[in-house]
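Just so you know, we're using my numbering here: the sequence shown kicks off at 1 and counts up by one.
Worth flagging that the hints you see were computed from the coordinates, not collected in a lab. Wrong hints could be hidden among the right ones.
To be verified - Only pairs whose alpha carbons sit at most 27 angstroms apart, straight line, appear in this in silico BS3-like list of lysine-lysine:
id, residue 1, residue 2
1, K216, K239
2, K103, K40
3, K30, K40
4, K463, K481
5, K242, K216
6, K325, K512
7, K40, K22
8, K341, K22
9, K388, K22
10, K388, K309
11, K261, K216
12, K325, K490
13, K309, K373
14, K510, K22
15, K341, K325
16, K200, K490
17, K197, K507
18, K30, K103
19, K388, K341
20, K22, K158
21, K325, K373
22, K103, K158
23, K197, K227
24, K74, K103
25, K200, K512
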Amino acid sequence: MSNIYESAATTLGLFNSPCLTKVELRVACKGISDRDALSKPDPCVVLKMQSHGQWFEVDRTEVIRSSISPVFSKVFTVDYYFEEVQRLRFELHDISSNHNGLKEADFLGAMECTLGQVTRSREDETMTSWKPQVTAEELSGNDDYVELAFSAKKLDDKDFFSKSDPFLEIFRVNDDGTASLVHRTETIMNNLSPVWKSFKVSLNTLCSGDHERELKCTVWDWDSNGKHDFIGEFQTTFKEMKAAMDGNLISVILSLFQIIKMHSFLDYIMGGCQIQFTVAIDFTASNGDPRNSCSLHYIHPYQPNEYLKALIAVGEICQDYDSDKMFPAFGFGAQIPPDFKVSHDFAVNFDEDNPECAGIQGVVEAYQNCLPKIQLYGPTNIAPIIQKVADSASEEMHTKEAMEYFILLILTDGVITDMADTREAIVHASHLPMSVIIVGIGNADFSDMQMLDGDDGILRSPKGEPVLRDIVQFVPFHNFKHASPAALAKSVLAEVPNQVVDYYNGKGIKPKCLSDFESSRAFSP
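Using the sequences and the hints given, assemble the complete structure.
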């Protein structure tokens, strides 16, 4: 990377924090029109990323001479963060053969998008005019797992009055010659032909992703005093085991070798998974009269309230992963027309048959329009709305495609009053393709809400049933009151990719074939 690109990357923070996922972007164009009628253009595409409101050049493609439909060989590599809006700008320039700089080049057009839009776009969106086709592909890591099972026959007997009690240890030999323990089997008592239980281990842990890294396997005779007797050892590699290694000096047999592909979040997104984003807003009386400037629901003519700030910050991220950008929006804790009975799951647009709003702006408008029509009341019950979204997620589970994942954003100003029912609903939802994000609005004491977030322990239903997986993230808005909206979004959405992967991998659901859902898209300049 040249100095100019290192400087840009540093400015963009690309070297400042670890990134678990990198994405390769490939660019092609079709039907470029040239300003010079006597010759074809010499196109070059410049990639820029936005940071703090400014565009910085990250890299550029090679110049392809005399081409109106270039396919560039240069591959852009960028860090991918689901929880951030990563804005990209692709600029197309015609650089004549007389010079390579941009100052004298003809600017042909530009296209702006987000990295999230690129990762979930489809190949059936064809290119027209000069529009670039940007193809995203995740850089493969070593996240796969391998399942192994060992057995042995006729081991040496190290005990005088009984048979040996064997166990097996597997070590990875490091570059410096040291050995790191990878796995220790259970001990099988009084047995010279043990069959140890199978176990799973990541390729990173087993061999650091190096299929030819030496592995050392040692068999011991267990003793209660900890002074185990050495029975024997052998060396092998992942590559040798994959080729069905069969026996060795101490008669240990590899009886199971199965590579388990651990699919990533982008595998599912690029394979067609849709994020279904739903919003639930607290309309209880504790928010204050919306007509009063002190109310948390007060609509200021020039500045959004905390509800809107949180909604927009999180919604802007999620909308890039929803193809139709239609978002259901619900309210709870208010008396609603026409009979003004309390409801805990009413449609904010008052259309119960179709609670969806067009884009995040549509949710904002529906929220603002409903405030004068309702009476803030109580109590603060969120179990009904969790159950409503869970019902939709449950229906999705039984469809043929089964590739929709639901994110419920709950915005509330106080501690909930139906904690037992909420715990029950969350435990139920943990079995479904669903995550729950709760943002505490205002300055209330939200300490009791932390129990819903599984970071400090395992959440259980009132009957004692534990959650299958951690699906709740709680964040008080006041922690981000003086931070950027991006900081809030990053905090509440950081766990979502792992939650998506945990669900689909746990269910054994593989992404759709990436060749069927090639992640490419034509964008307008």
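Cross-check of the supplied hints:
1. K216 <-> K239: Satisfied, since the Cα-Cα distance of roughly 14 angstroms is no more than 27 angstroms.
2. K103 <-> K40: holds, 19 angstroms
3. K30 <-> K40: holds, 13 angstroms
4. K463 <-> K481: violated, 37 angstroms
5. K242 <-> K216: holds, 15 angstroms
6. K325 <-> K512: holds, 21 angstroms
7. K40 <-> K22: violated, 35 angstroms
8. K341 <-> K22: Status violated; Cα separation ~51 angstroms.
9. K388 <-> K22: violated, 36 angstroms
10. K388 <-> K309: Holds, because 25 angstroms separates the two Cα atoms, which is no more than 27 angstroms.
11. K261 <-> K216: holds, 24 angstroms
12. K325 <-> K490: holds, 21 angstroms
13. K309 <-> K373: holds, 22 angstroms
14. K510 <-> K22: With a Cα-Cα distance of about 21 angstroms, the restraint between K510 and K22 holds, given a limit of 27 angstroms.
15. K341 <-> K325: violated, 31 angstroms
16. K200 <-> K490: violated, 32 angstroms
17. K197 <-> K507: Holds, at roughly 22 angstroms.
18. K30 <-> K103: holds, 24 angstroms
19. K388 <-> K341: Holds, at about 19 angstroms.
20. K22 <-> K158: Violated, at roughly 52 angstroms.
21. K325 <-> K373: Holds, at roughly 26 angstroms.
22. K103 <-> K158: With Cα atoms ~80 angstroms apart, K103 and K158 exceed 27 angstroms; violated.
23. K197 <-> K227: Status holds; Cα separation ~23 angstroms.
24. K74 <-> K103: Judged against 27 angstroms, a Cα distance of about 21 angstroms means the pair holds.
25. K200 <-> K512: Answer holds: K200 to K512 is near 24 angstroms, not above 27 angstroms.
Violated hints, listed in ascending order, are 4, 7, 8, 9, 15, 16, 20, 22; each of the other numbered hints is respected by the structure.
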